[in-house]
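Protein chains: 2
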Amino acid sequence: MLYLVGLGLSDETDITVKGLEVVKKASRVYLEAYTSILLVDQAVLETYHGRSITVADREMVESNSDEILHDAANVDVAFLVVGDPFSATTHTDLVLRARELGVPVRSVPNASIMSGIGAAGLQLYNFGQTVSMVFFTDSWRPASFYDRIKENRSIGLHTLVLLDIKVKEQSMENLARGRRIYEPPRYMSVGTCAQQMLEIEEQKGGGVYGPDSLAIGAARVGGKTEKFVAGTLRELCDADGELGPPLHSLVLLGRRTHELEHDYVREFAVDKGTWDRIWKADYQGKQ
Amino acid sequence: MLYLVGLGLSDETDITVKGLEVVKKASRVYLEAYTSILLVDQAVLETYHGRSITVADREMVESNSDEILHDAANVDVAFLVVGDPFSATTHTDLVLRARELGVPVRSVPNASIMSGIGAAGLQLYNFGQTVSMVFFTDSWRPASFYDRIKENRSIGLHTLVLLDIKVKEQSMENLARGRRIYEPPRYMSVGTCAQQMLEIEEQKGGGVYGPDSLAIGAARVGGKTEKFVAGTLRELCDADGELGPPLHSLVLLGRRTHELEHDYVREFAVDKGTWDRIWKADYQGKQ
Chain L
1 MLYLVGLGLS DETDITVKGL EVVKKASRVY LEAYTSILLV DQAVLETYHG
51 RSITVADREM VESNSDEILH DAANVDVAFL VVGDPFSATT HTDLVLRARE
101 LGVPVRSVPN ASIMSGIGAA GLQLYNFGQT VSMVFFTDSW RPASFYDRIK
151 ENRSIGLHTL VLLDIKVKEQ SMENLARGRR IYEPPRYMSV GTCAQQMLEI
201 EEQKGGGVYG PDSLAIGAAR VGGKTEKFVA GTLRELCDAD GELGPPLHSL
251 VLLGRRTHEL EHDYVREFAV DKGTWDRIWK ADYQGKQ
Chain R
1 MLYLVGLGLS DETDITVKGL EVVKKASRVY LEAYTSILLV DQAVLETYHG
51 RSITVADREM VESNSDEILH DAANVDVAFL VVGDPFSATT HTDLVLRARE
101 LGVPVRSVPN ASIMSGIGAA GLQLYNFGQT VSMVFFTDSW RPASFYDRIK
151 ENRSIGLHTL VLLDIKVKEQ SMENLARGRR IYEPPRYMSV GTCAQQMLEI
201 EEQKGGGVYG PDSLAIGAAR VGGKTEKFVA GTLRELCDAD GELGPPLHSL
251 VLLGRRTHEL EHDYVREFAV DKGTWDRIWK ADYQGKQ
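Chains L and R, in that order, are what the protein sequence lines are.
For the first sequence, the UniProt record's numbering assigns the number 1 to the initial residue and increments by one for each residue that follows.
For the second sequence, the UniProt record's numbering assigns the number 1 to the initial residue and increments by one for each residue that follows.
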């Protein structure tokens, strides 16, 4: 049996009791560690579970899944995924491959950032599609998120923006020379995300959002040091200090809001006066 | 401290290790049991945790939250919520009340149906706003879900439909006479939901969806007997037998789909030929 086990969002104790039992009994345990990360590392997990865990990088999961699935029709294999097992496409792919091999699959759900973001105080019912933001380079500034946000905002919905993480990336030079030397991991901050969003709005000029649009920066959701900072996109450009270390996410508010959301999120506002003023003008009572 | 502890979706072992510790140490433990239910009952939870748990009904949470929050600035109170603590508005309200009383709050995330539905094989990124479906009566057929689905479909997104549960409801007569006699619980099935959806489409005639629109019926998501049935809305009207006992949810597909989704969900199709034909005509390659 292949077990896809969600680890939740933050540390080793976010696994469910059901998941814990699976890890205990499995013949082999893999940890997917490239679409997201826990706030603790592999060594902490290994100590906690009292067994060795193989880190599965993108290459292994996408091109060498047969190693993971080896003999899984007869023995139990646990594939650990940060968050919920089905939050990334990759794992859908792994299940399809397991089906082809006649390997039964079971999954153990857990918190995902897509539901965990509810802790910021916005109603999950009113979120539209989720978008991703990657690190811009001089020559690569993918802006497909802009049209998606436009769609969400056209019907009044909030948008969760998931921020890029770069784990086990090679420099162009090392890649070209086939050297397996990896860059240090990089995690996008809310500040960088807000800046990139404003840059694209300035370039496209569609008026989808602007420096005064309200948003929430979220850091380490679900963890003991979870932190939310609410404000305008302009304010959030400078909120990284307050938010602290990774992982970060950002939510851009839609106009379809509820008074409860105002009260709840106001607590996190950089400047409560600004928050109240803009809320009243652009969000309150809109549908 | 007030701890909001997510219980996950299915049984007593879906609690996280972190949540388990909170329940162990708390002075008082409440279970919110009216916005959703676990597939096991209170007695199973009490045996599992080895302590008594007070069931908090809607009245207690909404009108008598001070009982729950009593002395919580000094002692730990655990408030257990099926799914994730922030999936229902009610809990946002409880946190606001705690803040007023100077009670610190911490939450322990868990799987929610809003992320757990990813197990059906559709990408969570492409879901729009979530809607609710209530049991229709002769005189009350609220159809606000229709306009929401229309909005989602206008931008190609999937829609998760959460189905009504009636717990601790009084008949009109008992309510009028002030008798605390409650009706047996009722849980809406996928079949009823699909029928009500088609009824409203027929009435409104907006062409938002129809009998041939593709959807997925989901039962007991995250549980050992989890079951998905995919088909047209017409087919899902008759799929309750195959889906089995509650809880059910339904997903109406948006046109923005991926080939991986086709392959994954096809496995659950009532009739693979119908699934392939309609997918090809109405969904494949659409954006």
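Take the hints with a grain of salt, since some may be wrong.
[Stated by the list, open to error] Simulated crosslink set (DSSO-like; lysine-lysine; CA at most 27 angstroms straight-line):
| hint | chain 1 | residue 1 | chain 2 | residue 2 |
| --- | --- | --- | --- | --- |
| 1 | R | K204 | L | K204 |
| 2 | R | K286 | R | K224 |
| 3 | R | K280 | R | K150 |
| 4 | L | K286 | L | K204 |
| 5 | L | K272 | L | K224 |
| 6 | L | K25 | R | K24 |
| 7 | R | K224 | L | K224 |
| 8 | R | K204 | L | K24 |
| 9 | R | K224 | L | K150 |
| 10 | R | K227 | L | K286 |
| 11 | R | K272 | R | K227 |
| 12 | L | K224 | L | K150 |
| 13 | L | K227 | R | K25 |
| 14 | L | K24 | R | K286 |
| 15 | R | K25 | L | K224 |
| 16 | R | K272 | R | K286 |
| 17 | L | K25 | R | K224 |
| 18 | R | K150 | L | K286 |
| 19 | L | K25 | R | K166 |
| 20 | R | K286 | R | K204 |
| 21 | L | K150 | L | K168 |
| 22 | R | K224 | R | K166 |
| 23 | L | K150 | R | K227 |
| 24 | L | K24 | R | K224 |
To be clear, the hints were calculated from the coordinates, so they are not data collected in a lab.
Do the hints match the structure? See the list:
no.: 1; hint: K204(R) with K204(L); result: violated, 38 angstroms
no.: 2; hint: K286(R) with K224(R); result: violated, 35 angstroms
no.: 3; hint: K280(R) with K150(R); result: holds, 21 angstroms
no.: 4; hint: K286(L) with K204(L); result: holds, 25 angstroms
no.: 5; hint: K272(L) with K224(L); result: holds, 25 angstroms
no.: 6; hint: K25(L) with K24(R); result: holds, 25 angstroms
no.: 7; hint: K224(R) with K224(L); result: violated, 31 angstroms
no.: 8; hint: K204(R) with K24(L); result: violated, 54 angstroms
no.: 9; hint: K224(R) with K150(L); result: violated, 40 angstroms
no.: 10; hint: K227(R) with K286(L); result: violated, 39 angstroms
no.: 11; hint: K272(R) with K227(R); result: holds, 17 angstroms
no.: 12; hint: K224(L) with K150(L); result: violated, 34 angstroms
no.: 13; hint: K227(L) with K25(R); result: holds, 25 angstroms
no.: 14; hint: K24(L) with K286(R); result: violated, 44 angstroms
no.: 15; hint: K25(R) with K224(L); result: holds, 17 angstroms
no.: 16; hint: K272(R) with K286(R); result: holds, 20 angstroms
no.: 17; hint: K25(L) with K224(R); result: holds, 17 angstroms
no.: 18; hint: K150(R) with K286(L); result: holds, 19 angstroms
no.: 19; hint: K25(L) with K166(R); result: violated, 39 angstroms
no.: 20; hint: K286(R) with K204(R); result: holds, 25 angstroms
no.: 21; hint: K150(L) with K168(L); result: violated, 33 angstroms
no.: 22; hint: K224(R) with K166(R); result: holds, 24 angstroms
no.: 23; hint: K150(L) with K227(R); result: violated, 35 angstroms
no.: 24; hint: K24(L) with K224(R); result: holds, 18 angstroms
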